[in-house]
Every structure is written in C-alpha cells, then in structure tokens.
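Peer 1: Use the sequences and the hints to build the structure in full.
Here's the letter readout for the chains.
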Amino acid sequence: MAYQRLTIVIRPWLATGARLVLAVVFALAGWAKVSDLAGSGRAVNAYQLMPFGVARVIGAALPFVELALAVLLLVGLATRLAAGFAAGLLTVFLVGISSVWARGLSIDCGCFGGGGQLAAGAHPNYFWDLVRDLALLALAVFLFLTPRTPVSVDNYVLGTTADEGAA
Amino acid sequence: MSSRAKAKQANRIVREQLAAEQRRRRTTVVSIVAAAVLVLAGLIGFGVYLNQKPPSDVAVPAHSTSDHTGIQVSSGPVPVDHLVAKKKITLVYHPIAILNDRSNPPGYSVRAGSAAGCASAAGRFLEYTKALYSKQPEEGSAGLSDDELVQLGTGIGLSDSGFAQCVRAETYSAWMANNTDAAAAKNINETPTLLVKGKPVTATVQALRSAVG
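Just so you know, the protein sequences line up as chains R and G, in that order. For the record, in the first sequence the residue sitting at position 64 is 64 according to this note's numbering, with numbers rising by one throughout. If you want this note's numbering, it's the position in the second sequence, counting the first as 1, plus 167.
Each hint should be verified, as a subset may be incorrect.
Claimed, not checked - So these bits of chain R aren't anywhere near chain G, every CB distance computed over 12 Å:
| id | residue |
| --- | --- |
| 1 | 16 |
| 2 | 129 |
| 3 | 150 |
As the list claims (entries may be wrong) - Which stretches of chain R does chain G cover? Using the computed rule of at least three CB atoms under 8 Å from a CB of chain G, they are:
| id | segment |
| --- | --- |
| 4 | 36-47 |
| 5 | 81-88 |
| 6 | 91-98 |
Bear in mind the hints are in silico, worked out from the structure with no lab data behind them. Built from N, CA and C at the ideal position, the CB exists for glycine as well.
Peer 2: Dropping the structure here:
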C-alpha cells in the first residue's frame, strides 16, 4: 500500500524529470546544428541512406524540428504527442546509426553538430551513440506512458484530471 | 433508490460525460496545434536553408573548371604527383570545406579555401595551396588570420592589392560552399576518399595505380 502510494506520488515527478532531460538534449542537438544548415545536410548525407537532395532538406529541417520539440517538452505542452514524436525521432536515429555501423562506414554521427568526417585520430563511436539514444528512447517511452506531469502547461490547458485522455 | 436520488445520479453521469467530451476536444486541439508547430518548424528550417543557399552561377577560378579524369582525391596521404608526371591523370583541384567547424572559431576551411580561390584567379593556385598546407593548423585552433593569409600570398609573389582584397572579402566563399555541396553529393564525407570514375577505391597508392591502369 505504502509502496503504491509512493509510486503514485513519485512517478509524475520522474516523468517531469524525463521531460526536462529530453528537452535539454533536443535543445542542445538542435542548437548545435542550426548555425550550419548546409553542414547539417552533409551530415545527414554522410549516412548514405538517401539522395543528397533529400538529405539537404532533412538536414535543414531537423535542427528546427528538434528545437520546437525541445520547447514543447520544456513547457509540457501536448506532452504525450511530443514524447511519441521524440521516441519516433530517436528510433530513426538508432536505425540510421546501426545501418552506418553495419555497412562499415566511418563517420561522425553528427548528432550534436559536426558530422561526416571524424576528428583527427577519432574512431567512430557508434556503440555509445546507440547506448545514449536507447536511454533517451526509454525516457521518451516512459514519458509517453506518463504524460501528465507536474509543472506543465498541459495541467492548465487540459485541466488537472489524472491520466485519462492526456495529449 | 428514490426517484430523486436517481435523477441526481443521472445528472452526475451526464455532467461527467460532458466534461470528458470537453477534455477530449481540448486534447485534440492541443495535439493538432503541437503537431502544426513541429511541421512549421521543419518548413521554417527549409525556408531558412533555401535563403542561405549560395547562387549556383558562381565564378569558378581558372584552374578548377573541369574534371575529365573522373578521379577525385580528397586531401589525404595518397600521393598522385607521380601519376600526373606520367600523364596518367589530369589533376584538378576542388577545395572543399568538410572540416569547417573544426577550427575555433569555426570557418577557417572556408576562409583558407576562398583565399586559394583568389590565388587561383591570379594564376598561383598550386603554390598557394602548398603554402597553406605547410601551415595547416591543428584542429581546434583558430588557423591563420586574414593578414597571415595575405602574407602567405606575398611570399609566393601575390603582392597586389587585388589579391589582398579578395582574401579579406572572402570573394570565393560561395565557390567553396558549392564545391563542398558538390562533393557531398558524391558521398565524399571523409579524408581520404578516393573515387575512380565514380567508384570508391581504397585510398592507397597500390589501389590507385591498379584502378588507373
């Protein structure tokens, strides 16, 4: 009984924590790329998963989408939708990095700017990139399942009634 | 249950249903707004990028006009001078800036490459590029200043003010952007990358020799 009570109280706060961690990570990732959109396009192209023209469009759009997502997560608006979108994005990243690893390409993932050519003396870091993205994916899934969190705009816009029907 | 209690209960159920309905509607609206924000952000990114794109009709310096041989070598430890000497290949330089963010502040690759464009316009591309590589900065350092880039030119006989002006104005930075994008389109993302007739070749002298024949 006491345990159940504890999880009922703590779980939403943990979800707020997950929300803020995801917000910060996406903000950093978007901010690092937004000043060099051409470079971001080349970083996407380095995965060799799509024609250069498509990679350029995705590379230009991605930093802005990441920043917008970070804002949604930070203020806690449409948390369930944002968490689902974050999980989808992270899944795409995971697939991309895995495929680069499987094909033996040697690139910088470009996750936080840069991308393509590795720094001098650097080796690809796919394992830790995947571990990081998997951990973030876990946070996103947890947030998707616990979308009503303390300190969020959702609580004002959608009313404070518990989980049901939360965006 | 009395009829009054029944009516009360019915009222409560209707109220709850209405409230739930309202919540659902609000949730839908908020979700649509949030999704629109994400899509809009992507469109803004694309719009900003289109505005930044360099014009495609950029003046190309004399030494970098064409590429008959189909060999592309990004800077790296594959010596090709002997192939040039034996007239096996024609060597055409396309400076690219895939490491532009590795200087601090970023941007040295474009500044240096654009200065090489100025040298090319003045007919001294090879000498200037050689001088640049002799002063290749460590990753994470600032690289040469504009003054130093101009001085480097003076050292190889480019002492006119036109060259200095061209370097300081980064006249060929758009050319560098075009080169870099063109290279990315051919999947040249790392050094060394060696392509012969568009096909990737291991970046060794041996492999290059046998590929060229």
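Peer 1: Which of the listed hints are broken here?
Peer 2: Violated hint: only 6; rest satisfied.
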